[in-house]
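Peer 1: What follows is the residue order along each chain.
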Amino acid sequence: MTIATEKNPPVKLPNEPVITPQIVAEHGLAPDEYERLLKIMGRSPTMVELGIFSAMWSEHCSYKSSKVWLKKLPTKAPWVIQGPGENAGVIDIGDGQAAIFKMESHNHPSYIEPYQGAATGVGGIMRDVFTMGARPVANLNALRFGDPSHPKTRHLVSGVVAGIGGYGNCMGIPTVGGETNFHAAYNGNILVNAMTVGIAPTDRIFYAAAAGVGNPLVYVGSKTGRDGIHGATMASTEFSEDSEEKRPTVQVGDPFVEKLLLEACLELMATDAIVAIQDMGAAGLTSSSFEMAAKGGLGVVVELDKVPMREQGMNPYELMLSESQERMLIVLKPGREDLARTIFEKWELDFAIIGRLTDTERMVLTWHGDTVGNIPIPPLVTEAPVYERPWTLTPLPAVLVASQVPAPKDWNASLLALMGCPDLASKAWIWHQYDHLIMGNTAIRPQDGDAALVRVPSSAEGTGHKGLAMTSDCTPRYVQAHPETGGRQAVAEAWRNITATGATPLAVTDNMNFGNPQKPEIMGQFAGAIMGMAEACKVLEFPVVSGNVSLYNETEGRPILPTPTIGAVGVIHDIAKAVGSRLTQAGLAVILVGETQGWLGQSLYLREACGREDGAPPPVDLAVERRNGDFVRSQIDASRLSACHDLSDGGLLVALAEMCIAGGTGAEIALPSTDVPSHAFLYGEDQARYLVATGMPDDVLAAAKAAGVPAVLLGYSGGAALVVKGLVSLDLGDIKATHEAWLPTYMNTAE
Amino acid sequence: MKASVLVFPGSNREGDVAQAIELVTGRKPNMVWHGDGNFEKTDLIVIPGGFSYGDYLRCGAMAAQSPVMAEVKKRAAQGVPVLAICNGFQIAAEAGLLPGVLMRNENLKFVCADVHLKIETSQSLFTNRYQAGQVIKVPVAHAEGNYFADDETLKRVEDRGQVAFRYCAPDGTVDGTGNPNGSIRNIAGVFNETKTVLGLMPHPENAVEAMFGGTDGKALFEGIVEALS
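Going down the list, the sequences are from chains B and C.
Just so we're aligned, residue 137 is where the first sequence starts under our numbering, counting upward by one.
Just so we're aligned, residue -8 is where the second sequence starts under our numbering, counting upward by one.
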């Protein structure tokens, strides 16, 4: 083989088409972007080179529309070890341990092929986490489906849930939390956002930056097939003989192979063989090899004929752009090849040395000795298109006062209707299909608390165990009404949910799901949400350490609700002190923490009971949020609380009903003397509020007073009914039956 | 007591059961790789849960043919106790160590939930710390736990008292309400004829600590330790 350098211009492969404006357009490159490419290359690209530019400059890989805005998010704190830019974010959780986590979308594939789309979304995010050296300890997911009455919804719910379970269960990682909403705006474009959290020793974290000229580049995992080659249908048909065959663009996952890959990688990581490691996710071999070389300021030669292939007749274009799953790229220290090969062969996985690092800062691709691609690396990064797209902020809608919203005629019926509505109904049908108990560390299960809580076995002998609290949150209807408020609220609610377990919120991963950024009002939603999130993250000391942007979530010009999903992680140093939201004993005082003005604008009550989706969403006062949350956490730390639940969708009454049915204990409360109308008090969605249950009400109320936090005793737990004096009286059995019936009934109804 | 936990490609609850054994005995079990047909002498063999070989072909079918299982069969015949949980139960059934088969759950869905089990007998090394008729709460997590055996086998199993656990309602009633997967006669676990091999779908190893799923499964491990020490 000749040593390929920039002096070897690539050879044309047989049947290689001439690059036409149509081929460029089919690769998603705008004419000016193609001009940029020509300037960098100084010549026409080959097909594989065009494919690489297309992938690297895609919205997904380059963040070209969102970059300028993402920079506004706070990403630093003393406990942040690695912020955005790596495979996942890394935070220090004490005792020499780090939590490594990220959330990522797999929206479009999941709509096309729900089982595989969702499954490979879960597989991909887990690889992002274990490629950094962490053993995954928990999965979460945030799902948004269309209107339940839409003909595709049932099929999508069924497939997505089975796919998430199918992958996560086989991997043996508990799926402990998440959220599921329904709204007609997602009819043609569902959202599947998957999050993985892993744990690694702080001194054993692995990064993608390549180092060491001459070091071997190693491919491990599954063989490469023709699955998931985006926009490449045309190209691959023109490249090969059998052009009839259309390949699905959705990848197919094999969780069994990923389980082997996880164990093999962790085994190799326990040695000193690895210089750098990167999973092959979106844009497969292209982005992984490119990013490793770019981050290390090096060049790379890839001998594509050495790549393990699933089928015959594959060409360089397909190999570089395939998104076959369960593959990793590793830079090894010299002389460690045999050690690594032994480990991967033990796990019956492919292992191939496919290239070397060079000092040329070029990516050179060879095919049976011929150079077929030769691209300078730095300009592809530094001269990548970045757009400051025009944006228009959504104005704040008029505030809806409670008197403009009718009170329920039948209070009992109104509560039952809310508890059984698609957004609030029990999602047990979903999470019973996820193994949420494996690893034996799940302390708060789905539905038993505001955040999931798993034990982190301490690395030190004889010390207590920590708990990792995790949640995912967003209220898209608030973001739609006013993106800045909605962005603020999504972060605040995640912070509150972590707080409600007693844990200290530490950091955020964001999954920004929006419509077409070329529309100023959509870009304005993105900008507004970022502004709100940035402000909240700053005030709450809750930096963003990783994330993902998914744009163009539109069908026939109709965008989804703007959905900046916030995944969050917190730590409680003594897990024995943590609390859930279940009301399990009688005689506890039920105290409302926080101020209630009765905000009904954009509330679920307004939507479900009055059929309206209007008004301004509840304002988020971040200083109050912080003060109230810090107070609640201090009370949990002082072991004064038996249960705690944040108030969000559905307000106070829904929260209390959830606490009662989860713990099987009733409660009787009375409204405090207030000017707020009853329906606004009980169903309003004012922020920065919690319901707490305590056996020491005097201490809690005194502490609240001292901290300047509004707190009022509403009543006591006990009995088998939920009673609000003069308004509501319902048997828990009836609430529970209504709450639990909707989803299974819906799913079991024939279409 | 010295325990050995088998590990197949795709096993994933070996850590859970190792954790439970260590909690009860104070000693880490020996982890045995599937290719090891000659593992060290042991007092108890555990076949853990998971998706051995990705559940490809049929759950447990490929693992049942592995070198380690040939040795397990030999030792089981010599009376070495075998505890086979979930995928382990599927493997043991495929290997002919236990009667019956495990089919897809009746509703064709994976199920992870707490279930109630009625203890059928305390007369075994696995159940000696329980009382016959006692109801315990432990979780299940499987897609293929629907126990089935033909009439003749079923009669033999019942006549010889080989049923270890049945799914039941919280009050101990054995009927359809407590059955998570459609198992015939609510059978959740069975013994071999000598009651030295136990296969069960539920996960007692995930019910050994109060904060993490309750403690109803702990007595199973304590009973084994007592019987084997």
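Take these hints with a grain of salt, some might be off.
The list that follows gives simulated cross-link-like pairs (lysine to aspartate or glutamate, EDC-like), each with its CA atoms no further than 20 angstroms apart [unchecked claim]:
1. B:563 to C:105
2. C:209 to C:105
3. B:872 to C:105
4. C:128 to B:168
5. C:100 to B:876
6. B:200 to B:249
7. B:482 to C:27
8. B:563 to B:195
9. C:100 to B:249
For the chain C half of the interface with chain B, some residues (derived, Cβ under 7 angstroms), not all of them [stated by the list, open to error]:
10. 42
11. 101
12. 104
13. 203
14. 205
15. 206
In short, the hints are calculated from the structure, not lab data.
Here a beta-carbon is modelled for each residue, glycine too, at the ideal position from N, C-alpha and C.
Peer 1: Determine for every hint whether it applies to the structure shown.
Peer 2: Hints, one by one, checked against the model:
1. B:563 to C:105: It holds: about 16 angstroms lies between the C-alpha atoms, which stays within 20 angstroms.
2. C:209 to C:105: holds, 15 angstroms
3. B:872 to C:105: holds, 18 angstroms
4. C:128 to B:168: Violated, because 65 angstroms separates the two Cα atoms, which is more than 20 angstroms.
5. C:100 to B:876: holds, 18 angstroms
6. B:200 to B:249: Distance ~27 angstroms between residue 200 (chain B) and residue 249 (chain B) Cα, so the pair is violated.
7. B:482 to C:27: holds, 13 angstroms
8. B:563 to B:195: At roughly 33 angstroms apart (the allowed maximum being 20 angstroms), residue 195 (chain B) and residue 563 (chain B) break the hint.
9. C:100 to B:249: Distance of about 18 angstroms is within 20 angstroms: holds.
10. 42: With Cβ-Cβ at 4 angstroms, under 7 angstroms, it holds.
11. 101: Holds, because the Cβ-Cβ distance from residue 101 (chain C) to chain B comes to roughly 5 angstroms (cut-off 7 angstroms).
12. 104: The hint holds - residue 104 (chain C) has a Cβ within 7 angstroms of chain B, the shortest such distance being about 5 angstroms.
13. 203: This hint holds: residue 203 (chain C) lies near chain B, its Cβ roughly 6 angstroms from the closest one there, short of 7 angstroms.
14. 205: Since the shortest Cβ distance to chain B is 11 angstroms, the answer is violated.
15. 206: Violated: closest Cβ of chain B sits about 12 angstroms from residue 206 (chain C), beyond 7 angstroms.
Comparing the model with each earlier hint shows violations of hints 4, 6, 8, 14, 15; every other hint is respected.
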